[in-house]
Amino acid sequence: MDCAKGIGIVATHGRSILEFEGVDTITNPSPPLILIPTTAGTSADVSQFAIISDPNRRFKFSIISKAVVPDVSLIDPEVTETMDAYLTACTGVDALVHAIEAYVSTGSGPLTDTHALEAIRLINRNLEPLVDNTADPYLREQIMLASMQAGLAFSNAILGAVHAMSHSLGGFLDLPHGLCNALLLEHVVAYNFQSAEDRFRRVAEAMDIDTRGMAKPEIKKRLMNRIVELKRRVGLEARLAQLGVSVSDIPHLSGFALQDPCILTNPRKSSLRDVQVVYEEAL
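Anchor point for the sequence shown: position 61 equals 61 in full-length UniProt numbering, and the numbering is continuous, going up by one each time.
No wet-lab data here; the hints were simulated from the structure.
Take these hints with a grain of salt, some might be off.
[To be verified] Straight-line C-alpha distance at most 35 Å; calculated DSBU-like pairs for lysine-lysine: (1) K220 <-> K269; (2) K269 <-> K221; (3) K231 <-> K269; (4) K231 <-> K220; (5) K216 <-> K269; (6) K269 <-> K66; (7) K216 <-> K231; (8) K221 <-> K231; (9) K231 <-> K66.
[As the list claims (entries may be wrong)] Computed beta-carbon distance windows for the label pairs: (10) E280 <-> T25: 26 to 36 Å; (11) A190 <-> A11: 38 to 48 Å; (12) R125 <-> A190: 17 to 27 Å; (13) P129 <-> S248: 15 to 25 Å; (14) K66 <-> L18: 12 to 22 Å; (15) D24 <-> Q194: 29 to 39 Å; (16) D208 <-> N28: 40 to 50 Å; (17) D84 <-> N56: 25 to 35 Å; (18) G255 <-> S195: 14 to 24 Å; (19) L74 <-> S271: 36 to 46 Å; (20) A241 <-> L18: 27 to 37 Å; (21) H13 <-> D208: 27 to 37 Å.
Just so you know, even glycine gets a beta-carbon here, dropped at the ideal spot from N, CA and C.
Take these sequences, add in the hints, and give me the full structure.
Structure representation (structure tokens):
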């Protein structure tokens, strides 16, 4: 779907896709675009994002513009029933991260909050059983609905440090995007928690954690434990070092992460050293 968005941009401008990195760089309308998602997680079918890999620089960059929102999106969970358990887990966690980051984003608002929290609830309750039973049509429908709602949330509220760092990581090692998000999620939550404590409390509640009478440090601990537990149950437990990242790679990864537009709406302002430390903790 992102490729289709890119083709439309190039077709109407006659220039390399590399020239459109960033926000609102598109001046000409693209041809009509109809998108049909065949996974439940990317939300490219409802978003103003196109993510493009640049193999020369070894990172993924964002094109963010209302011009890449499709004219029509046909969302049918039946076409996702051929996904295997691993792809289901990767794309499902991607949708979860979309929802969490949209909810704690500095660009969030009442409309995006509603979609984000419902997406978190749906994924928390349905992703694990779906990974165990990938042929269940009801569970497929619930995760596809969650993906759509997460997409509506982040397309308007934008994202945060998980995605900024994940785009850098995924382009560097050519790893599945959802896996990159999974490897970073609890570490970024720990880093961001102090800057959005009330919002993370509501994220915890959406993940079925009873926070009544609980101090903020305990909420943080329980939320991180639930994220780690969900990742373990769907089979996304690896560490960055296991996938080929070394300490010497972190300056490269961090530099590109700080250039990503998603970092701008992270709830906590991030320095180069901050990003480096989060990568180090995920090693």
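key: Broken hints, by number   = The structure conflicts with hints 13, 21, although it agrees with all the remaining ones.
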